[in-house]
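> Be aware that the sequence shown starts at 23, since it is given in the working numbering, and climbs by one per residue.
Derived from the structure by calculation, the hints contain no laboratory data.
Since this is a predicted model, take the numbers as computed values, not measurements.
Where a beta carbon is used, it is the ideal one built from N, C-alpha and C, also for glycine.
Don't take every hint at face value.
Claimed, not checked - Simulated crosslink set (DSS-like; lysine-lysine; CA at most 25 Å straight-line): (1) K132 - K110; (2) K59 - K298; (3) K128 - K110; (4) K179 - K148; (5) K343 - K298; (6) K285 - K327; (7) K343 - K327; (8) K89 - K148; (9) K298 - K109.
To be verified - Simulated DEER-style distance windows between Cβ atoms: (10) K109 - D310: 21 to 27 Å; (11) D284 - F99: 41 to 47 Å; (12) K343 - R229: 33 to 39 Å; (13) K128 - F99: 31 to 37 Å; (14) P203 - A270: 15 to 21 Å; (15) K132 - E233: 30 to 36 Å; (16) L39 - K344: 18 to 24 Å.
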Amino acid sequence: MIFNKSCEALITHVASLSSHDGPGLRTTLFFKGCSLKCRWCHNPETIRNVPELEWDRRLCIGCRTCKEHCSSGAIDFSLGRDYLVDKKQCVQCFACARQCPSQALKVTGKTYSLEALEELILKDEKLIRSMSGGVTFSGGEPVLQSEFIVQLSRRLKNRNIHLALDTCGLAPWESYKQLLPYMDLILYDLKEMDAAKHIEFTGADNRMIHENILRMVDYIHSNQLLVRIWIRTPLIPGMTASLENITAIGTFINAYLSEDVDKWELCAFNNLCNDKYNRLGVRWSLKDTELLLRGEMEELLLEAKRSASSIKQVTASGLNKK
């Protein structure tokens, strides 16, 4: 799929009245395409930077309309198959999804123009203002579509709307440099400090991630920007949820980011997103991973507060078990 990156964006979902991606109630835009492949990703539909087919077997009525309209022979109703579509055969024409009467087949990833997305956002403008909210650019990795976000941000800033950027940190510095003047808040992921483990868990080295946030705070100071930062760390059992990792992240925050970070949030793992993987026809290796114990969460939170003692607000969110 080809689209104009300066005036079009590929987005999986627009979440209205979200309370999880910055202060107040927000409109969150989930951009499609990511520079990481985290093993625990809770939004797998945002990883690839192209539209994809989803199949929800619970909605499928077995009418075979999709098969009739599939020119590549990719639809297979054979008994015992985990997934309806043979991905090797599929040519992504999406004729099957357009014809599906029960919407069991859908396309995730829609192209929006600047005008269309701005209009959609402004429908909730009065409400998000009244609730001290704004707009959050999330994903995926939204910075990979920075040209579009710069254009949209200019329009939203003309209306004095609070803007937040939710980023994994793995994108070209020049893209961040273009975006920072428009942002009020950066939600920045620090997932794993050990380089080898970061590669194992996410598929990429963390050097650029660390370099980008250091350059970010330097740029904020040198240009006197009023941009604040929240750090977010996923707590993944057997991976990032270790005292060693939390200590390392907290020490890094204390040493280099204490003037700019208002909040550090530890985000607990859950496997509620397994259905998303099923709809994409992907087997998720963490689907049977159990929640952290409440005592484990409390221990990690205590260490985070100790190691990042300069940060006033250190919190933990998400599910755990007794």
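> Okay, which hints does this one fail, numbers in order?
8, 11, 13, 14 and 16
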